[in-house]
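**Q** Spelled out, the chains give:
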Amino acid sequence: MRNGVKLEEALRDLDSTTRREFLKKAAAVGITAAAAQAVLLKEPTVVTAGPSPKRGGTIRILSHQEVASLSPDDIGPTMQWNIITQIHNALVEVNDNFVVERVLASNVQAAKDGSSYTFNLRKGVKFQDGTEFTADDVKYTFEFHMNPDNATVMGVQFKAVDKVETPDKYTVVVKMKEPNAAFLRLGATTFIVPARYHGRIGEKAYKAAPVGTGAFRLREWRPAEFTVVEAFDQHFRGRPNVDFVRQDVVPDPSVRAIALRTGTADSSLWPLLSEDNLRFEADPGYTTFRTSSLAVNHFPLNNEHPILSDKRVRQAMLHAIDRQRQIDDVFRGTASVAHSIFPPALQYWYEKGVKQYPYSVDRARALMEEAGWRMGPGGVRVKDGQRCTFTCAVITGDRARRPQAEIAQQELAAVGIDMRIVERPVATILSQLPRGELDASLFNWTYNGGGGEPDPSATLRVGAARNFSRFKNQRVEELLPAGLREVDPAKRKRIYSEVQKIVAEEVPFLYIMYWDWFVIINKRIKGLPTSTQSGSTIIRDAYKWWIE
Amino acid sequence: MLRYLASRLMQGAIVILLVSVGTFSMMHLIPGDPVDLMVGEAQITQEQLDLIRKKWGFDRPIHEQYLAWIGNMARGDFGQSVVRTGVPVRVMIGEAAVVTAKLNLLAFFISIALALPFGIAAAVRRYSGFDYAVMVSSTLGLALPNFWIGLMLIVLFSLLLGWLPPFGLPSWKGYVLPVAVIVANQTALLARMMRASTIEGIGEDYVRTARAKGLAEGVVVSRHVVRNALLPVITVIGYRIAFLLSGTIVIENVFALPGLGQLFIESVNRVDYQVVQAIVLLLSVLVVLGNLITDLVYGYVDPRIRIG
Amino acid sequence: MTQRETAIPEPYRRSEFSRAWRRFKRYRPGLFGMFFILALIVLATIPDLLSPHSHTQIFRGMRGAPPSWSHPLGFDHIGRDMLSRTIWGSRVALIVGLLATGISVVVGVAVGATSGYLGGRVDAALSRVVDTLMAFPILVLLITLSAVLGPSLVTVVVIIGLTGWAQYARVVRADVLSLREREYTLAARAAGAGDARIIFRHILPNVMGPVIVLASLGIGGIIILESALSFLGLGVQPPTASWGGMLSDGRAFILIYPQIAIAPGVMISLTVLAFNLLGDGLRDALDPRQKDASLDG
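Protein chains in written order, with numbering that gives the first Met the number 0: chain A, 0 to 547; chain B, 0 to 307; chain C, 0 to 296.
Take these hints with a grain of salt, some might be off.
Derived SDA-like pairs: lysine to any residue, alpha-carbon spacing no greater than 25 Å straight-line [what the hints assert, rightly or not]: (1) A:K203 / B:L50; (2) A:K203 / B:L163; (3) A:K203 / B:K54; (4) A:K111 / A:K158; (5) A:K203 / B:R226; (6) A:K471 / A:E350; (7) B:K54 / A:K471; (8) A:K203 / B:W162; (9) A:K138 / B:L48; (10) A:K203 / B:V86; (11) A:K522 / B:W162; (12) A:K162 / B:T44; (13) B:K53 / A:K125; (14) A:K125 / A:K158; (15) A:K522 / B:K54; (16) A:K176 / B:L163; (17) A:K158 / B:L163; (18) A:K174 / A:K471.
FYI, nobody ran anything at the bench for these hints, they're computed from the structure.
All values reported here derive from a predicted model rather than from experimental measurement.
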């Protein structure tokens with residue numbers, strides 16, 4: 000608190016402004032950029048517009064896969080996150096405009112140098128088992144993830160945390176070993192579990208019987224079939240309008256589309272076919288939110304592969320692939336061409352001035368020639384007696400993306416590169432790629448920290464668990480740790496701009512497009528936001544909705 | 000008899016053991032493990048992944064993992080799913096098996112009720128128009144891929160007519176379409192079998208004798224032919240217990256039913272060893288027992304076959 | 000003809016064959032099946048001459064476009080000519096159906112003949128294996144194996160072939176058991192013929208009738224199995240056109256572009272139907288005693 004800057008005044012008149020505007024305002028009221036970046040905060044918006052909300056009813060949502068666990072540590076898969084976020088809350092949460100909102104914290108103060116964070120907690124918040132939410136629960140949750148014996152997924156976000164102190168019942172101070180600019184967005188957004196309950200039953204049992212402070216509590220969980228949560232009467236933001244949120248597992252996209260059309264479901268958590276998306280968007284019976292996905296649709300390439308290790312070959316491939324054509328032919332135009340690892344939706348961090356690779360067969364051929372690959376028999380290039388061929392492993396049963404591979408296969412063949420396509424289970428691809436045991440693959444992945452945090456350390460650093468392309472660049476190795484230590488957003492922006500430029504120069508993988516993310520909701524659902532930048536968080540706010 | 004039983008059980012145990020070793024090694028030949036999937040797109044380091052793997056014992060040598068697993072199985076502990084973290088596999092299989100069993104039993108009884116009369120009638124009036132109709136439609140029933148029929152039914156009854164739910168099991172209505180698809184397939188198979196064995200029965204000496212004695216054709220067929228013709232059909236049904244699963248893998252996938260088949264294929268794709276191994280082992284036990292019981296029943300019903 | 004040869008009934012002598020053909024002709028659906036399959040074989044042999052376009056060429060902007068004069072079956076979800084792909088798909092169907100059945104027949108006949116001829120412990124052991132394979136859900140085995148080996152045309156053929164032989168073994172074993180004790184076998188043995196000669200010259204030719212019938216019925220099942228595997232994403236790999244693969248692509252687009260699923264669905268159904276009808280006809284013609292045993296899910 001001594002080092003902290005009180006931001007309350009600065010934030011008072013701030014609504015859903017963009018980051019840039021906020022920073023301008025922050026500067027105007029004399030807040031240092033460092034503090035401002037750390038505490039880009041805002042109270043949750045309360046929907047009051049329009050007719051008064053009605054009580055009751057069930058919101059029915061479709062997912063494509065089972066909800067395997069309800070523990071806050073297993074929020075990786077979207078369909079799990081969607082339920083877990085209804086049941087739990089975090090100190091702060093990132094909203095659908097990438098703004099950090101205070102939720103269980105009533106106030107947050109960040110040390111100027113990023114050495115500590117102080118959270119004042121909301122008073123009178125009840126867990127669903129009736130106990131009161133206090134600083135002990137925060138300390139317990141954070142320390143649970145910090146303990147390496149627990150081997151939690153979220154543990155990574157607490158690597159930089161030194162200790163968690165609770166000066167009183169409603170205050171939590173997190174002391175950092177070293178500054179970590181991502182902590183507020185990625186660590187402090189960890190859902191809080193009740194210390195006594197979780198401590199008693201253990202993480203394993205908790206996965207099936209979660210208790211949080213959220214607007215909904217678990218009612219019935221049939222992992223492979225459906226999950227139902229019901230309104231929690233004593234929720235601190237008030238009881239939600241609807242009685243239940245039900246999430247059904249429906250693997251087939253066309254069946255999900257039928258269910259939406261017939262009104263058996265209100266929304267689908269996982270995308271439908273592009274044609275269906277566009278049809279629903281044009282249909283006045285549905286509210287459609289169209290945002291850009293944060294994950295890039297890309298072909299990871301093994302950068303240590305004898306053929307693919309040559310930068311010129313990778314660049315040639317990017318020139319050879321008509322990305323706009325893939326967007327038009329496979330996705331009916333519902334995507335935008337990717338130029339590096341960040342989507343334009345990440346407004347603040349997005350770097351426009353990167354090297355670009357327009358579709359050009361001639362330039363692709365020239366680059367291949369330059370790299371020493373001469374046209375050989377059967378239209379496949381040869382160099383030192385080696386044919387220019389590699390294998391792309393697409394995910395088994397991936398009907399949405401496999402056509403892209405088939406089109407790319409033809410386009411690459413046109414410049415003398417032979418790409419074979421095989422199907423492999425997704426678990427195999429995810430573990431073999433980073434080990435360099437596959438040549439290439441095709442899927443979407445988020446090359447930023449998520450939640451508006453830019454850090455791509457998990458995907459671009461040597462030895463990183465998700466470095467699918469075995470990318471290795473000395474400058475990036477220096478930049479990324481520096482970016483995490485840096486708390487000044489303007490300086491950070493320069494770092495990540497350079498990273499984007501390096502990626503665009505090196506082309507470690509073929510970045511193809513950013514999908515438009517459609518969230519389609521039946522018109523009977525009211526209380527929706529008027530605009531949004533991040534589609535995946537819309538359903539999080541189901542507690543604000545009501546049914547007409 | 001007891002010796003026979005003992006030796007058959009012994010043989011069965013060996014088969015089951017072989018299947019278990021086979022499944023275990025096959026599953027471990029698939030590169031990768033479920034941990035990556037479990038973590039999803041969460042930001043994670045290699046170090047943390049290794050910690051999680053260690054927690055699940057994936058860092059131990061293969062033979063150790065096998066012994067631990069088979070030991071647990073023998074004690075009735077089916078292990079835990081890695082993907083559905085911490086949920087006992089026994090519970091997962093239990094939940095899924097109920098759905099698959101309901102689906103199949105329902106379809107099974109309807110198929111029998113349809114197939115037997117049609118098969119017998121076709122056999123009695125062999126080469127008649129009715130026989131042709133039964134044969135052609137049953138051939139069609141076998142020739143149309145069941146997932147295709149399933150999709151067409153969804154389009155017709157859910158989209159165009161709106162009578163039935165397109166997916167899941169919200170009420171009894173959810174069973175109608177999947178059961179209909181299985182029935183189409185099974186009725187075809189059983190009707191053909193019933194027809195064939197009835198035709199064979201009609202040619203037998205004792206039937207000719209019965210007919211020569213002046214018994215009415217209806218009596219001959221119902222009393223002498225059908226009873227004997229049922230025998231091979233029952234046998235086939237007994238042997239096919241395990242097919243119940245494979246028949247519904249695709250159907251459960253199309254209609255999004257949370258049965259054993261769906262659980263199986265998802266678990267294979269996720270490389271969720273524990274679940275796949277448990278399902279295959281369970282099936283092989285079912286198969287061995289099913290065969291044994293069928294043989295015993297067969298021997299009991301048909302004294303011409305001696306066991307021993 | 001020498002004396003010894005007349006003592007041995009050759010199953011496919013001309014008179015026998017023409018009698019079987021006369022019986023076969025009586026069953027018209029069987030004839031239909033035969034002609035359909037012949038046509039299919041022509042398609043599969045020279046698809047490049049018969050299909051109007053390349054089966055892999057992607058027409059820009061034609062995703063899911065409906066039928067037209069130059070493209071009578073329309074386009075698939077990437078913009079490839081459906082008619083050409085359907086024609087090319089016959090190749091995979093026949094390759095998988097025939098080769099896998101071929102492997103099954105060879106293995107099944109070998110195992111069945113060994114088992115039946117040698118008897119005793121070998122027979123008991125082999126019979127257990129056969130029982131287990133017969134009863135074990137093949138699709139489960141296929142799914143697991145495909146995941147291990149990685150799906151491809153070769154994998155599919157080999158796996159289906161190596162797992163589907165049990166029914167042939169069972170039939171052959173039963174026939175060999177009875178043939179072993181027939182007079183002509185005994186006569187051959189008395190004349191000093193070795194085991195191999197007896198098996199290959201005297202026993203196997205006599206069991207081929209039921210095997211052919213079973214095989215023609217089994218091919219249909221295998222074609223469906225291949226399409227089910229492709230449907231689950233474990234079949235033949237792109238850009239090869241296979242009906243099963245096309246169908247599973249079409250499944251996703253069934254409400255928007257129904258033509259993608261209809262053509263391969265109809266072709267699979269007709270082909271399986273044709274093989275089954277042919278099998279029925281062959282059964283009546285070759286071996287009226289043979290029981291029905293076709294198509295395991």
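**Q** Taking the hints in turn, state whether each one holds.
**A** Results for each hint:
1. Our distance criterion of 25 Å between C-alpha atoms is met by K203 of chain A and L50 of chain B, whose separation comes to about 16 Å.
2. This hinted pair does not check out: K203 of chain A and L163 of chain B have alpha carbons roughly 39 Å apart, beyond 25 Å.
3. At roughly 12 Å between alpha-carbon atoms, K203 of chain A and K54 of chain B fall within 25 Å of each other, so this suggested pair holds.
4. Restraint check for K111 of chain A and K158 of chain A: satisfied, since their Cα atoms lie roughly 20 Å apart, inside the 25 Å limit.
5. A hinted pair counts as satisfied when its Cα atoms are at most 25 Å apart, and K203 of chain A with R226 of chain B does not qualify at roughly 56 Å.
6. Straight-line distance between C-alpha atoms of K471 of chain A and E350 of chain A comes to about 21 Å, which keeps the hinted pair within the 25 Å bound.
7. A hinted pair counts as satisfied when its Cα atoms are at most 25 Å apart, and K54 of chain B with K471 of chain A does not qualify at roughly 30 Å.
8. Distance check on the hinted pair: K203 of chain A and W162 of chain B sit about 42 Å apart at the alpha-carbon level, beyond 25 Å; violated.
9. The straight-line distance between the Cα atoms of K138 of chain A and L48 of chain B is roughly 24 Å, inside the 25 Å bound, and the hint therefore holds.
10. At most 25 Å may separate the alpha-carbon atoms for a hinted pair to count; K203 of chain A and V86 of chain B meet this at roughly 8 Å.
11. As the CA atoms of K522 of chain A and W162 of chain B are separated by approximately 23 Å, the hinted pair is consistent with the 25 Å bound.
12. About 21 Å separates the Cα atoms of K162 of chain A and T44 of chain B, which keeps this hinted pair within 25 Å; it holds.
13. The suggested pairing of K53 of chain B with K125 of chain A is violated, with an alpha-carbon distance near 36 Å, which exceeds 25 Å.
14. For the hint pairing K125 of chain A with K158 of chain A, the CA-to-CA distance comes to about 29 Å; that exceeds 25 Å, so the pair is violated.
15. In summary, the hint linking K522 of chain A to K54 of chain B is not supported, as the alpha carbons are separated by about 46 Å, beyond the 25 Å threshold.
16. The suggested pairing of K176 of chain A with L163 of chain B is violated, with an alpha-carbon distance near 60 Å, which exceeds 25 Å.
17. For the suggested pair K158 of chain A and L163 of chain B, the alpha carbons sit about 52 Å apart, so the restraint of at most 25 Å is broken.
18. In summary, the hint linking K174 of chain A to K471 of chain A is not supported, as the alpha carbons are separated by about 32 Å, beyond the 25 Å threshold.
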